[in-house]
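> The listed protein sequences derive, respectively, from chains A and B.
Sequential numbering from 3 applies to the first sequence in our numbering.
Sequential numbering from 3 applies to the second sequence in our numbering.
Hints are supplied without guarantee of correctness; some may be wrong.
One copy or two, either will do: identical chains are not told apart, so a pair holds if it fits within one copy or between any two.
[Said to hold, decoys possible] Quick list of in silico lysine-lysine cross-link-like pairs, BS3-like style, CA-CA up to 25 Å:
#, residue 1, residue 2
1, Lys-37, Lys-106
2, Lys-150, Lys-124
3, Lys-150, Lys-106
4, Lys-124, Lys-37
5, Lys-88, Lys-124
6, Lys-150, Lys-37
Keep in mind the hints are simulated off the structure, nothing from the lab.
It should be emphasised that the depicted structure is a prediction, and the values quoted were computed from it without experimental measurement.
There are 2 protein chains.
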Amino acid sequence: MKANPGLANTDLRFWYLIHRTRDAFRICEDQIFSKHGLSTEQYAVLATMKYLGNPTRPTAIARWLERSTNSMSLMIERMVRAGLIKRVRDKSDRRVVQLTITSKGESALRPATLAGLEFIQKVLSPLSYEDRHTLVALLDTLKYEASKYMNPGETTQEMMGSRAPRQADLMKRLVQYTSSSASEAKR
Amino acid sequence: MKANPGLANTDLRFWYLIHRTRDAFRICEDQIFSKHGLSTEQYAVLATMKYLGNPTRPTAIARWLERSTNSMSLMIERMVRAGLIKRVRDKSDRRVVQLTITSKGESALRPATLAGLEFIQKVLSPLSYEDRHTLVALLDTLKYEASKYMNPGETTQEMMGSRAPRQADLMKRLVQYTSSSASEAKR
Numbered sequence: 003m004k005a006n007p008g009l010a011n012t013d014l015r016f017w018y019l020i021h022r023t024r025d026a027f028r029i030c031e032d033q034i035f036s037k038h039g040l041s042t043e044q045y046a047v048l049a050t051m052k053y054l055g056n057p058t059r060p061t062a063i064a065r066w067l068e069r070s071t072n073s074m075s076l077m078i079e080r081m082v083r084a085g086l087i088k089r090v091r092d093k094s095d096r097r098v099v100q101l102t103i104t105s106k107g108e109s110a111l112r113p114a115t116l117a118g119l120e121f122i123q124k125v126l127s128p129l130s131y132e133d134r135h136t137l138v139a140l141l142d143t144l145k146y147e148a149s150k151y152m153n154p155g156e157t158t159q160e161m162m163g164s165r166a167p168r169q170a171d172l173m174k175r176l177v178q179y180t181s182s183s184a185s186e187a188k189r
Numbered sequence: 003m004k005a006n007p008g009l010a011n012t013d014l015r016f017w018y019l020i021h022r023t024r025d026a027f028r029i030c031e032d033q034i035f036s037k038h039g040l041s042t043e044q045y046a047v048l049a050t051m052k053y054l055g056n057p058t059r060p061t062a063i064a065r066w067l068e069r070s071t072n073s074m075s076l077m078i079e080r081m082v083r084a085g086l087i088k089r090v091r092d093k094s095d096r097r098v099v100q101l102t103i104t105s106k107g108e109s110a111l112r113p114a115t116l117a118g119l120e121f122i123q124k125v126l127s128p129l130s131y132e133d134r135h136t137l138v139a140l141l142d143t144l145k146y147e148a149s150k151y152m153n154p155g156e157t158t159q160e161m162m163g164s165r166a167p168r169q170a171d172l173m174k175r176l177v178q179y180t181s182s183s184a185s186e187a188k189r
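So here's chain A without its partners, still in its complex pose:
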């Protein structure tokens, strides 16, 4: 496939924007979560543990966040020392270590989740409902195309099959979680 300079301007602008938009989001998230004593990565670990259910195996968190087991171990060690999570033994197999969120972790995660969701809604507020749907559909296509580029052998079904239901579930759980946080905040 030949690069076509005539068509390239919008494509280059997209290339630049996909990186810089996410960078800008990351800077905002760092600000928001640090107000609740969490790094953005620590927030991602706690939120993932919330979605996947309690207690959670470290390997499941690493898989969900697409992180190596090594870098996940370091992060978990730091979060245990910070008192955000703790290690527990699996009741059915005591050799297996699992993780649970501590009450300190919970009391950071709840307001951080609400603050993050408020940020996303604020940033998205100039976009109509239709625009948001279009944006999600376009990003979905691009993420899929990039995965195909990385794994040319895999079929569509293999790529979509394993993630789609888990993502839907993630969304449902996070919405439930934030609405229970919201009603608690009202009390």
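Starting from the known structure of chain A, fit chain B onto it as the hints suggest.
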């Protein structure tokens, strides 16, 4: 502003996708640029030097890439040792150090740029011309909203004024650069 769980599903999906789409792009880019002996960050430095003109001051590169001067110094040191760039003295003020791309750097940057552009065009290929324009406009809005969130004091003009012309220029230069590379590749 109150988080509204009823509206949240598309918004959460966007939040997830903006991070994961860019992650997927980054993994592809790492693969592509490493074939030309460059890390993605080294590629970004070389491409920025190309846009900003030759020779370039380290601070100008850091500003463009929104990196700290410290982390930029480390990266530049490594790239000088790898023979991709070299330090030169400014002719009008010999105290000022500037950087130029070496011929080794040039011969990595040219094919890497073409390969990167081919990747972007391939990934964008299922999207119509209109969809690409819509996507760029939506991302532009979101990047602007995120900047506003980070810097609530700045006016629109301050935020847009400094970057918009430089971005347009960047695009023009990269297109010129890739088309000269493409015609060289044909020879």
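> Taking the earlier hints as the rules, which of them does this structure contradict?
3, 5
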